[in-house]
Each structure stands twice: as structure tokens, then as C-alpha cells.
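> Please model the entire structure based on the sequences and the hints provided.
Chain by chain, the residues:
Number of protein chains: 2
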Amino acid sequence: MNTDELVELGQQLRVDSVRAAAEAGSGHPTSSMSAADLMAVLLAHHLRYDFERPDHPGNDRFVLSKGHASPLLYAAFKAAGAIDDEELLTFRKLGSRLEGHPTPQRLPWVETATGSLGQGLPIGVGMALAGRRLDRAGYRVWVLCGDSELAEGSIWEAAEHAGHEQLDNLVLIVDVNRLGQRGPTRHGHDLDAYARRFRAFDWHTVEIDGHDLDAIDRAYGEALSTAGQPTAIIARTLKGKGVADIEDREGLHGKPLKDADEAIEELGGVRDLRVQVHEPPSVRPPRTADDGDLELPRWEKGEEAATRDAFGRALAALGTARGDVVVLDGEVGDSTRAELFAKEHPDRYFECYIAEQQLVAAAVGMARRGWVPYAATFAAFLTRAHDFVRMASVSGSGINLNGSHAGVSIGQDGPSQMGLEDLAMMRAIHGSTVLYPCDANQTAKLVAQTADLAGVRYLRTSRGSSRVIYGPDEEFPVGGSKVLRSSGRDRLTVVAAGVTVHEALAAADALEREDIPVRVIDLYSVKPVDRDTLRQAADDTGCLLTVEDHRAEGGLGDAVLDAFCDGRPVPRLVRLAVGTMPGSASPAEQLRAAGIDAASIAASARLLVEQAIVA
Amino acid sequence: MNTDELVELGQQLRVDSVRAAAEAGSGHPTSSMSAADLMAVLLAHHLRYDFERPDHPGNDRFVLSKGHASPLLYAAFKAAGAIDDEELLTFRKLGSRLEGHPTPQRLPWVETATGSLGQGLPIGVGMALAGRRLDRAGYRVWVLCGDSELAEGSIWEAAEHAGHEQLDNLVLIVDVNRLGQRGPTRHGHDLDAYARRFRAFDWHTVEIDGHDLDAIDRAYGEALSTAGQPTAIIARTLKGKGVADIEDREGLHGKPLKDADEAIEELGGVRDLRVQVHEPPSVRPPRTADDGDLELPRWEKGEEAATRDAFGRALAALGTARGDVVVLDGEVGDSTRAELFAKEHPDRYFECYIAEQQLVAAAVGMARRGWVPYAATFAAFLTRAHDFVRMASVSGSGINLNGSHAGVSIGQDGPSQMGLEDLAMMRAIHGSTVLYPCDANQTAKLVAQTADLAGVRYLRTSRGSSRVIYGPDEEFPVGGSKVLRSSGRDRLTVVAAGVTVHEALAAADALEREDIPVRVIDLYSVKPVDRDTLRQAADDTGCLLTVEDHRAEGGLGDAVLDAFCDGRPVPRLVRLAVGTMPGSASPAEQLRAAGIDAASIAASARLLVEQAIVA
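Chains as they are written, first to last, in the working numbering: chain A, 5 to 619; chain B, 5 to 619.
Careful: at least some of the hints might be erroneous.
In this list, chains with the same sequence are indistinguishable; a pair is considered to hold if it fits within one copy or across any two.
DSS-like, lysine-lysine: derived pairs with alpha carbons at most 30 Å apart [what the hints assert, rightly or not]:
id, residue 1, residue 2
1, LYS305, LYS486
2, LYS259, LYS347
3, LYS347, LYS262
4, LYS262, LYS97
Keep in mind that the hints were calculated from the coordinates and are not lab data.
Here it is in C-alpha cells:
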């Protein structure tokens, strides 16, 4: 396209953004208008993408980090012929694929859900990293950010990651329209404020007028020819560009234009330009499976082993069996034991340093490119990435997360290092799977199974060693449980998982000697829960005593409720959980202080028997 | 102290760090040794602090952001005479004040709990901001960071905040010892890599040898005399400095020294130097109360108003009545309505831009200085700050958080903007209060009450308008609930909160017409819950139907369980919650699609009656 045609295309994108928002009665046309010229030049001249084959391995990847500018994205899809005008005008309506903020669950050309700001770049870095180190395909990753979202720390985690990895297949376009939601940004139109930050993080930068089509074109060309560095194009733009009444004006964020018809006329009216987007280059097909048999590590019953060790060893074995498994570390691989994978498969191991948002974002980016990522850090520090996990579920992203050092049982390090809220966080994630193994063989089997599940999969592991209680050939289906003690005389049921399984068994043994038989269930699958086994236990014993190394809210005790929330009779419930703020102490002292050790379980059981509350 | 004495003090800090960790059998002596000289010079020459009066308004504030170097901190406390040698050696033991990672709940000289890396600087920025704009006292804030933690995005949110606010009362000391937990950092000893990043964020920087006592002294002096900018002192150090065998060596993070006695000898043996820390200047006493009567906004029954509007107006009124209330905004003040406070009290309003970690961190810092902060953003985006909220509870920090735009009822914007996991997150925070009002008067009363509660207080508000159902003089105690429909014939109880209260009332009216009387409870206090009222309803009706604009896990349904987890009979339970991934649609369409509208509630109730499950 020549410059005149590009001008027209930019205006068409504006007009269609205005029309879509007007029809919807909501949306962000002004945020779309500022970036329309940036989008027009990208679409017409630089993007290589086959809209009929969104999974083409040579396709460039485009991420709209400023997801609220979705009208612009959909206008671009229309210009590329991917959607028609009729669909454009379904924007934000019930059942439409064109949501307020784009998601890949609805539209195949959307790489990742955005709308929580500061996430597009981190995830784009994950895709660029996959392109460079895994796919070894020549695709480029384009990310369009707003200026407001550069205040998010996750942007700088991503900048650091991309700069350090020298991702010259990554181009960031910053739409510096000066205005955030409620007013001016910190830096207004000071392009250099942004450019010098990115340069400090080892990026190449280009500062341009974001409405100068030739300058945009040159900047994209410069970005593509820059070797050894990602490029940030810092573009000065005007919010609402093209309509004099609203251009560069405050107070118009996230609002349809008051007089859309007039604005459309000022913009030159409705057009129907069609862009022929460049075809992607033919590239070698993606990774051919070089998979072998899975030989999981094995432990004999009675051995002592930490579930985190089992996680690391099983992960290494999984990596040997499957070439699509990749592992990401938050600079604690020696603690989570993810480093055991690194030793055997260094090419598929990614050190993300202490940047948990970027850790999860990179996993999401790699999952989008077809890899099976396992991201590991302390359970406590996964809270840092909560919003990324939440958005991963909006994307329908299939990622594995491991949280080690769960609970008070870590001992001396104290509460800052203890994952005590992670089960609550992960259970509330839509479509998630939450697993909490108690022994090494169980851990290994669960690690292997999670590879092929959908959605966010969370595995909780423990720091200390525990006795191996299952044989290496036992199976542990997701959604299942194990009944470890059972008789026809059971007076109550203890439901445990992870470290508390061992405490529950010890308590059951002690109670057995006092002629108080209790059932013990290992609820290793916290979500989904094994409804049938829990209901049977409720019918048989009438009372469930849950015990967990986690806060009372949202954890194992609440998970048990999932089996009983459909109007059926509910058993009596007693919940033992961590109700205090722990300090430093040994693991055994911690369990005792929190009231979740064998003695506490036994004491509660005795009390229930004495009060004749249980059967 | 002269240089020779400073050398000795540095060695004493190392020796005491080694001794404390050796006695504990765990801890981080090598990370303490790298920063010992930096600490010695600070303690002896620059810190102004009265250890007998930690609440002295003129005291400098010191934050150990690298909280794992706690042995160094405790060694410094000993050198300052705040603790004795006997207590030093209780490090990491059950009941000791000297935890693995320091917390203010145990030690009065600790400003904030650290141990989750990348939090000390953001919270320090909050304190420096309070010093500059609220306290107007001359105290300085010193933050000691490790180099590894500079990978956390929260550091750069803080850097941006401090640079923009020109906080020249803030000094950051970076202990660049080159080694993280599992190996070298990205930048090793490249001091300029860090310095140029901070300079790009408008900081003054000084690069020094962190074992050159004179250079350290000069750098601190330079920092204190730098006007208009915060200063980052980037210090090259060696991990394990002073003991040849371990100096600058990998693989020794977080481990006591193998031969502590030998190391102590190499360091010159045990000393008992005592530092006379500079007294703080006498400053005018902190803010004298200029409090007036609280005149909350009032609405008449039957009016329409959004709870977010009520939040903003109540907050503004609270700010008029109390001079200690401050408000922090995550660049969505027009949406949360926090801006209504800004209009009346601009001096106590802090724009934190789109940086939710920094938003909460600044609140924690201000709370530590005696202010009563309210930090507001979308409920969905508070997940971004989950780890900061978690650590705030470890600190025992008293902060108010507001999450607006809760649930699917926001409508067209779609799932990225919907808080659907926030109740689960906030309930699991130790010591938290979780409130979810359904009308404007209730909101206003709750806003006022939260000011004086302990711990993390969370208020969930809604985007859309709803009918005012309570009079302006009604009281809503925390831990209470309201029974809105009740008769002796109730066949089940609907428990709702927020938007679903209105749906529940409509359902109850419809059911009443069908001669199916139901009780309706407004459970505005989600944590703590009103056990008595729920138990009474269970006794009276036998079945509770919970309905919430939130995920099923960890929200209102689970909260109801809190009333029944002590072995007493549990009523039958049915839980209506958001079980799908919403798209764009109108608020009413969203409630219907999620199955939490009046029709869905009524349908569930009818089904329970038909199946004779309810009374």
C-alpha cells in the first residue's frame, strides 16, 4: 500500500472502531483511534499471517496488550477479511465472539486474553522465547502496549527477560497517547522517559510520531533488522485521533463517541478496504515427536522421600519421554527440585529468576505455541502471579504450576515462605485442577498425568521428607482419593492430604489402640474431589474431620463441601487448619502449634466420641 | 567511629551472623556477610534511631528488603544494645522474637515483614511518601535490597513511584553480591546494569565497593545531600565476605557455615562492640487530631445507587471527620469512586497509577506510620497484589482494600475485568475482614467501621446501581447479617450478599406468591460470618441455598460453612455461583447466564420443594 492508501486504512480502522462501540453502547473507541495508524502499517506491510491458518507455524504473533482497544483489533480482523462487517457490529453482545476484551477461547487469531493490563508483553516474551529457543521458527512477535500499562511491574520483568535473552524477534509498539483512564499518565508525551527505561533494560528503541505513516513503516523495518536486541517503538499519538472534538481530551476513556455519525463523517465515512496480509514463510513443521516410554522414578514403601524431590525426578523422566515438556524456574530450582530437569534437558529449561509474574506469563506464552510448560516456585510466591493465573484461565491456557514448601511444615523459615493460601487461590481458578500428594510415588504419577490435562494444573509439594506409603505401581487418577484405613465400625472419617496424611495415619493408629476405629482418606485430588468416596464415608461414619496444612478458608475443608452442596444430607464437619500466624520453629513444632499433628487429630476425635457427636 | 573501628564492627556483625545461624542450624549467614560493612557504616554513622523509642516520630526507618539476611539485622540490633547476646542465639527457635525472616509483630524495630523478595522497597516508598507528604518529618527511609530481588517487577513499580515523587528522603542500598539462591544473577557484578536502570527511573545513583568503608560512608553522605531524587547505592560485595573458603562461592545460600568456629576465628573472633546510634532529631509531634463529627451520606429507601458511589462518598465524609484517613488509587479512581475523596482531600490522596503491588505496598508503609489507608482498584486487579496482602497480614498491618466491579454483574467488559476470585483470596488472608454490601447506606456504614478494625479489611463493591433497601440509620455490625424475609413457615433459607441480595428478594417474592415462603439473609459480613443467625436458619428451615456473584470455591457458600464446622448438625446446602467463563453481555444477561439471578434462585428453590428435600 502507498501512503495514501495507508491513510485510508487507518481511517477505516478508526471508523470501524467508532461504529462497533456505538453499536454496542460501550467500549473504548478513543484508545483504538490513537493506535489505528500503528495497526494499519503493521497489517498492510509487516505482519506475516495467514488468517485462514491461525496455527500456521510460520505466522507472526500479534498481542494486543492494551486489550480494551479491542475495537481496533476487530476492525483490523475485518480489514484482513477474517470477519465481516455484520460480525463487527455484534461487538460486546451476548454470544458474540467479539468480547469487550479479546480472548483466544472465542477467536482463533487472538494469542492470549488481555484486559488486565501489563500482561500482553510478558506473555509475548514467552512466545518469542519459544520461537527462538524451542520452535526455532522465524516468526516475529508484535506486542501493542498502552503507555499507562508501563507502570505495571510485570512490564519490567518482561523487559528484563527479553533484554537478557536478546529476543530480536520481539517488537514492542507503545501507543503513547498520554491519557490513562482517569487522566494524564506520569510521563505524558515524554517519549524519552519510556525509551531510556527500555534502553536501560538492554532494548533497542525508536521514537516516532505514531501518526506519521512513513515513520511507522521505517520504525518497523528498523526493528526487524535489529539483531541481538528486542526493539521498543515509542510512538507519540493522540487519544481519539482524527476527530477534533475528542482528540487528546481527558474524560473520554472507555466511552462510545457522543455523536458517532458526525465523527464518522469527519473521518471520511465508512470504507471497505481489504488488506492482503503477507503470507507467512513456509517453515519446517513444528517439532516432530521424539517421544519415548515414560519411566517414572520408583520408591519402595517405607523409604523416606520429599514430594518435592519426587516432583523433580518425575519431571526429568517426563522430559525424557516427551519432547514437548518444558520447565520454567523462579530462581529456586534447587528448592523446588526443578533443577533435576535442567540437568537432563538444559535446552528445555528456562531460568526466569525472581519474577513470578514473568514465570507464569512465559509459561502461558509457551503453552500457546504448543509446548507443555511446568513452572515451579514456592507455593507462597505463586500468589505473586495470581492475576496471571486468573487470566490464563480466561485464555483457556494449559499450564502446569508447582508450588513447593507448602504449609507450616517447612519449619524455621517462618510465615513469609509458607504457602498457606495457595489451595484457596488455585481452587477458585476456573477449570483448574488442584493436586496435593503425600508421598513420592503418588507425586510422580500425578506429575505425569497433569501433562495432558486441560486448563491450569496445580501441584502442591512439601519441603520435608515423608514415608513412602504407596507402591510404585499404584494409580492415582485425578478426581480420585485413597481410603487408607477403613472398617465397618469406623466412628468418623479423617480427610487429609499431603503432610497431614501421615499425621492422620498416626492418629488413626493411636485411636485404634483405644478402640476408636476411624476411616482415613487421602484426598490427594483437592479439585476435582472424589464425591463418591466422601459421600460413602459420610453415610458410613456421619462425621468428617478434615485436617490441612493451610488456612481454614478455601482449602481442603471447603473442598470436601463440594461433595455435598446439591441438597443431599451433609455429614457433621470438623475442620483442623492453620488458624494462627506461625513463627519460626521446627516442622514438628509447627504442626503441633497449628493443631494439625497426629496428637491434635486424635484429641479432636476423642472429644467428638466423648460428646457422642460421632457414630 | 574511625575506619578501624568500623572494620571491627563489620566483622562483629559477620561473626554474630555466623554464630546465630550455627546455633539455629539454619539461616542465611553468607547473605548477611556480604552486607555487613554496609550495615556497620549505616548503624554507626548515619542512622538516626532511638531503640528505646521505636515509635519516635523523628526516627529514621530501616527496611531489610532481603529479609533472609535476618542474622545481620539481629546482629545489628545487638550491636545497638537492643537485644543481648543470649537472645541473639535464640534465632529461629520456637518462641523466639528472632524469626527466620523479621516481622514487626515480634520486634518493634522491624518496620515491615520481609522474606518475600521485592517487597521492602515498595513499602519503604510508602513510608518515605508518608514522611514527605503526610508526617512532614525529617526522617529518612533506608532500604537494604539484595541484587536478586531486583528482578521483581514490584521493585520497578516502586522505583517509578519514588522517582516520580522525587523522594530524596529515601536511600536504597543494593548489596550486589552476585549470587542468588541457585547461582549467579543475570548481571553478576555489573554494577552499571543496575545503576543505569535506576537512573532511567529518575534516581540518583552511586556505585561503590561495598567493602570499602570510606566509600560507603561517602556514598551515604552523598545520598543524604542529594535533593529532588531518591538515591540508589549500588555496592559490589562478596557473598560470605571475610571467610576465604566460602567467599563468592556458589551453592552456599541459606546454609549455616560448615565450620563455624574456624570461620569465627578467621573473622577475628567474638567481639562485643557497642554502637551509639545517633539520636533522632526532635520533631514536632505527629499529626494532632483535627477530627470532626462523621456525617455519612444518606440515601432514602427505594432510591437507586451503586455501592461504589456510596463507597466514594462515604470515604470523602470519613476523610472530613478524620484527619488520619488517606486514600490510594490504582488509576481507576473514576471507576472505584475514590476520586470523590480526592476532590475534598487532595493532600491525602495518592495516585499510584496502574501498579497494584505498589498501591498495596504504599498503603502498608503508610499504615506503619500511623495513617489509616484505603487502597482502591477493581476487585479483579487486587489479585495482582495478592502476595503483598499476604505479607501485610504477616506484618499485622492495618489496611483497607476496596475492590470494585465485582462479579459478572459488571456486564459487557467481560471476564478480565470481573472480580470472581477476590472473596476466596481475601477470606484466606489471616485475620482479615471481608465485607460485601448490597446497598448504599450499608456500604457507607461499613466504610466508616473498617477504619478502626485490625488487620486487612476488604470491602467489595459493585459497578451497577441497585435499590436502597435499608434506611440511613440502620446499623450493620461487622460479623452480623440481616434477615430480610422470615416467617415461621420458611421452607428454606437463601443466603446472599451484594447484588444477589436483590435477586434473592425478587425470588422470595415470586416464591411467596406460589406459597413457598423462604427466608432471606443478607450476609454482608462474609468474614467473620454471623454464626448465630445462620444456625438459627438451619434449625428453622433445614436447608440453605447460597447464591453469589463469585466462583463457587472460597466464596460465600464456603463462608457459610464456617458456622457449621464444629461437629454440630449441618443443614442441607445448595450453592449457586459462577461456574462458567463469562463473555460479554449485559448485567442482567450475565446474572441469568451464570444462574445466579432471581429466576435461577426461584427455580432451584422449587426443585428442592418438589423433591421434598426442604422442610
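> Now tell me if each hint is right for this structure.
How the hints compare with the structure:
Taking CA atoms no more than 30 Å apart as the test, LYS305 paired with LYS486 passes inside one copy only; the shortest distance there is 16 Å, against 55 Å between copies. When the C-alpha separation of LYS259 and LYS347 is checked against a cutoff of 30 Å, the pair qualifies only between copies, where the shortest distance is 22 Å, while the shortest distance within a copy is 53 Å. In this homomeric assembly, LYS347 and LYS262 come within 30 Å of each other (Cα to Cα) only across copies, at 26 Å, whereas the closest approach inside a single copy is 61 Å. Proximity of LYS262 and LYS97 under a CA criterion of 30 Å is satisfied intra-copy only: 20 Å inside one chain copy versus 66 Å between copies.
Of the hints listed earlier, there is not a single one the structure fails to meet.
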